[in-house]
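Student: If you want the building blocks of each chain, they are given just below.
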Amino acid sequence: MRIQGGSALLRALLARAGVLVAVLLGAVVLVVSLVHLAPGDALDAQGIPEALRPALEARWHLDLPVWQRVAIHLGEVLSGDLGTSLAYRPGTPVAEVILGPARRSAVWLFSALALTLTWGTALALYTAGRASAHRVALRTVSILPVFLLAHLSVNALNEGAFAAMNAGWIDRPDWFALPDQASALRTALAVVLLAVGSGGLTEVHAAMERAVTSARRSPWAEAALARGEPLAPHLWRHLLLALTDLSLHRVAFLIGGLVILEKVLLLHGVGFILWDAALHRDSPVVAGITLLAAAVLAVVRLAGDALRLTLDPRLRSDP
Amino acid sequence: MRWRSAAGLGAVILLAVVLAALLAPLSGYDLVTDVDPGRAHLGLSLAHPLGTDHLGRDVRWRLVFASRAFAGPGLLAAAVAGLLGTLGGALGGYRGGPLAGSARYLYAVIGSIPRFVLVLLVGSVYGDSPWVLALVVGLSYAPALGEALHSRVASLRRAEFVRAGRAYGLSDARILWVHLVWYASRALIGRHLLAVFGYYVVLESTLAYIGGFGVQEPMPSWGNMLVFEWGRGQWLALLAPAAALWLVVSATRWLADALEDPLDV
Amino acid sequence: MSETLSLTGLAIRGPNRLLVENVSLSLAAGRVTALVGPSGSGKTLTARALLGLVGFKPGVISGTLEAGGAHLALTHATPQDYRPLRGKLLGYLPQGARASLDPLWTVERSVGASAALGSGPNDPSHWLRLSGFDDPEQVLRHFPHELSGGMAQRAALACALAGGSRFLIADEPTTGLDPTVQEGILRHLTRLKARGLGVLLITHDLRLLPELADEVLVMAAGRIEERVTPEALVAGALRSEAGVRLLEATRTIASGRLG
Ligand SMILES: Nc1ncnc2c1ncn2[C@@H]1O[C@H](COP(=O)(O)OP(=O)(O)OP(=O)(O)O)[C@@H](O)[C@H]1O
Ligand SMILES: [Mg+2]
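Going line by line, the protein sequences match chains A, B and C.
For the first sequence, our numbering begins at 1 and goes up steadily by one.
For the second sequence, our numbering begins at 1 and goes up steadily by one.
For the third sequence, our numbering begins at 1 and goes up steadily by one.
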C-alpha cells in the first residue's frame with residue numbers, strides 16, 4: 001500500500017483536463033460544421049450592405065466547397081479568431097461584440113448559482129428528516145419556467161406599484177414600469193428568478209436533502225455521534241461534495257435560463273446578444289457565443305473535478 | 001398514497017393534451033383566428049368559459065389549440081432521445097469497446113454545449129420549424145439518457161442474476177433488452193422521456209413568448225397568449241395559459257416520480 | 001471500589017412489535033461481559049440503546065442506566081444527558097468497522113477528532129498504538145478505503161478508545177476477518193481488559209469466549225435467556241434453547257462435521 005497524495009490528484013486532474021480539451025475540440029468541430037452545412041448562402045439572408053459583401057465573401061471563402069470552408073473556419077477558431085459579425089453588427093470582430101457583455105453575464109450566472117446552492121442547502125438542512133409543507137410549496141413555484149416567473153413577477157410588481165401610486169401611497173418608483181431601462185431591481189430579479197425557476201431550486205433542495213439524510217443516517221455519522229463528536233465537521237465535507245456534483249449539472253441549465261431572462265428583462269448581457277444575433281441569422285456571432293458557453297462549461301467542470309478530487313480520496317485512488 | 005393519485009392525474013393531463021392536439025383541428029381554425037374587436041376582453045360567460053382576449057378570440061379554444069404547438073414535436077423529441085440514448089447507452093454499456101467509447105465521446109461533445117444555446121444555434125442556422133427544434137432537443141437529451149443507461153447497464157452486466165441468466169442459457173440479446181433495459185431500466189428511461197417532453201413544452205412556450213422563433217400570431221401558443229395580456233389587468237386571460245403550462249409541466253414530474261425504479265433506495 | 005456501568009429493565013419497541021424486553025446487564029472495570037445470540041436477537045439494538053442511538057419510534061420504552069455516579073432514565077434522556085457518557089465513559093466499536101470511519105477523513109484526523117474531546121493524550125499515534133498498531137506512522141495518512149479489514153477494525157477501535165472511555169462496547173469485532181486477524185484482536189482485547197477496561201463483547205462466535213469472557217449472557221428474541229460462566233459454556237451446561245443451539249452449531253463447525 002502506498003500513500004496517495006498530491007501526485008495522484010495531479011495525475012487524475014490532468015487526465016480530466018485532457019478529456020475536457022478533447023471534448024471541447026469536438027464541440028468546435030460540431031458547431032463549425034453545423035454552421036457550414038446549412039443549405040444556401042450565408043450572406044443571402046442577411047441584407048448585408050453591398051459595400052461589405054466582397055470583403056465578407058472572401059473572409060468566409062464562400063467560393064470554396066463546404067469541407068474546405070469548414071477546415072479553414074476550424075483553423076481560425078482554433079487559433080483564437082472567432083471571425084466578424086455579419087448582420088448584427090456588420091464587420092465588427094465577434095470577440096469584441098461578445099466579451100464585454102459576457103463578463104456581465106458571468107457575474108449574473110455565478111451569482112444565481114451561488115444563490116440557488118446556498119438557498120437550496122439551507123432549506124435542505126432545515127427540512128431534512130421532517131414532514132414539511134415547504135416541499136410542496138417550493139415545488140409548486142419553482143417548477144414554473146423562468147420566462148413565466150419573470151412575466152408574473154413583473155406584472156405583479158407593476159400592477160402593485162400602479163395601484164399604490166393611484167391610491168397616493170407612494171410616488172412613482174424609479175424602476176416603474178418594469179422592465180425599465182436601468183435598475184438594480186431588474187438585475188436582482190433576474191438573478192433570483194434564475195436561482196428559483198424551471199425547477200432549479202427544488203432540484204437543488206431535493207438533492208441536498210438526500211445528501212443530508214444519507215449522511216446523517218450513515219454508519220460513520222452514528223459512530224461519530226456515539227463518540228460524542230459534533231457532526232458538523234464531518235458533514236460539511238460531504239455536503240460540499242454533493243454541492244460540487246450538483247453545480248456541474250446546474251451550470252449548463254442556468255446558462256439556458258439566463259439567456260431567456262436577459263431577453264425578457266432586457267439585460268444587456270451575452271444572452272441578449274445571442275437572441276438578436278440568432279434572429280438576424282448572424283452565424284459567426286451565434287457560433288462564437290455557443291463556443292464561449294461550451295468553454296465556460298468546460299472550465300467549470302474542470303474546477304469542479306479539481307474540488308471533487310481534493311475532497312474525496314476514493315476518486316483519486318488508482319484503480 | 002397521495003402521490004399515487006397525483007401520478008394518475010398527471011397521466012390523465014398528458015393524455016388529454018395529446019388528444020386535444022389530435023382532435024382540435026376537427027373544429028376548424030376559425031375558432032382561434034376569428035378576430036372581432038367588438039368582443040374583446042369579455043369576462044366569463046357560457047359562450048366563453050374563459051373569456052376572450054384583446055382581439056375578441058375565445059381564450060378556451062386558443063388554449064386547446066395551443067397544444068398542437070408542442071404535443072407532436074414534444075413526442076418526437078422524446079422518441080429521438082429515447083431511441084438514440086437507449087441504443088447507444090445499452091449497447092455501449094453491455095459491450096464496451098471502441099464503438100461504445102466513440103458513442104460516449106459524441107455524447108460528451110453534445111453535452112458540452114448548454115441545451116438552450118444549441119437550440120438557438122440550430123434555430124438560427126436551419127430555421128425554427130417545430131420538427132427541427134424537436135430533433136435538436138431530442139439529440140441534446142440523448143447524452144443524458146445514454147450516459148445514465150450506460151453506467152447502469154455496465155454495472156449490472158457483472159451482477160449475479162446476469163451471470164445466472166447466461167449460465168441458464170439466455171441469449172445476450174435477451175439479457176440486455178429484456179432484463180437489463182426493460183426490467184431494470186424502464187423507469188430510468190421513462191423519467192428521461194418525460195423530462196424531454198416537459199422541456200419541449202417549456203421551450204416552445206418560451207420561444208413563442210419572446211417571439212421571433214416558434215409559433216407566431218395568429219396561431220396560439222401558451223407563450224404568445226401571455227404576451228398580449230401584459231399590464232392590462234386581464235387576470236383570467238393571464239392566468240389561464242400560465243396555469244395550463246404549470247399543469248402540464250407538473251404532470252410530467254408527477255408521473256416521473258411515480259415510476260418505480262428498482263434500483264432506487 | 002471498582003467502577004461499574006449497569007443497565008436495568010431495557011425494553012425497545014419497534015414500529016409494530018417489541019424488539020427488546022427486560023434486558024439488564026452490568027459492566028465492570030477489567031471484566032468482559034459477553035452478549036451472544038442468534039442474528040436479529042437484539043444485541044446491536046441493546047448496545048445502541050446504551051448510547052441513546054435508537055433512531056426510531058417509539059424506541060426505548062423503559063430502562064435505566066447507572067454509570068459514573070449518574071442515574072439516567074433512558075425513556076426521556078436528552079442528548080445533553082448522554083454527553084458525559086458518549087466517548088468519554090463508554091466507547092463504541094460498531095458492527096462493520098470500516099463503514100464507521102468517515103470515508104473523507106484520514107485515520108489521523110478521525111482518531112484526532114475523538115481524542116480532542118477526551119482528557120487523554122491528543123496524539124493519534126498514542127491511541128493507534130494502544131489499539132494494536134506497532135507502527136502508527138504507517139497508517140496515519142491513510143483513508144478508510146485504503147485499509148485492510150483488520151486495520152480498519154483497529155483504527156475504529158482507536159477512535160472508540162481515544163475519548164478516554166473506561167468501558168467499551170465491541171459489536172462483533174471479529175466477524176468477517178481471517179483467523180490470524182481474529183486472533184490478534186482477541187489478544188488485543190485481552191490486553192485492554194488487563195489494563196482495566198470494562199468490555200461488552202457482542203458476538204455469535206462462542207469460540208472467543210472461554211479465554212476472554214467473565215460472564216456470558218445468551219440473548220434470543222429480545223430477551224436474556226440465561227446468564228452463565230464461561231466454564232459452564234465449555235462444559236456444555238446450557239439450559240436455554242437458543243444457547244444449546246448456538247453451542248451445537250459452534251461445535252459442528254469447529255469439528256468440521258456437517259450434516
Ligand atoms: N431501525 C430499526 N427499525 C425497526 N426495526 C429495527 C431497526 N433496527 C433493528 N431493528 C430490528 O431489531 C431486531 C434486532 O436487531 P439487531 O440489529 O439488534 O440484531 P442483532 O442481534 O445485532 O443481529 P446480528 O447478529 O445479525 O447483528 C431485528 O429484528 C431488526 O429487524
Ligand atoms: Mg448486530
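Mixed in with the good hints there might be a few duds.
Just some of the chain A residues that point at chain C, by a computed CB distance under 7 Å [claimed, not checked]:
| id | residue |
| --- | --- |
| 1 | A38 |
| 2 | R216 |
| 3 | P219 |
| 4 | R227 |
| 5 | W236 |
Listing some non-contacts, in silico: residues in chain C with all C-beta distances to chain A over 12 Å [what the hints assert, rightly or not]:
| id | residue |
| --- | --- |
| 6 | T4 |
| 7 | T8 |
| 8 | N22 |
| 9 | L85 |
| 10 | L90 |
| 11 | A115 |
| 12 | P121 |
| 13 | P144 |
| 14 | E211 |
| 15 | G236 |
| 16 | S240 |
| 17 | I253 |
Because the hints were derived from the structure by calculation, they are not lab data.
From a predicted model like this one, the values you see are computed outputs, not experimental measurements.
For every residue, glycine included, the Cβ atom is placed at its ideal position computed from N, Cα and C.
Student: For which of the previously enumerated hints does the structure constitute a violation, in increasing order of number?
Tutor: 1, 2, 5, 9, 10, 11, 13
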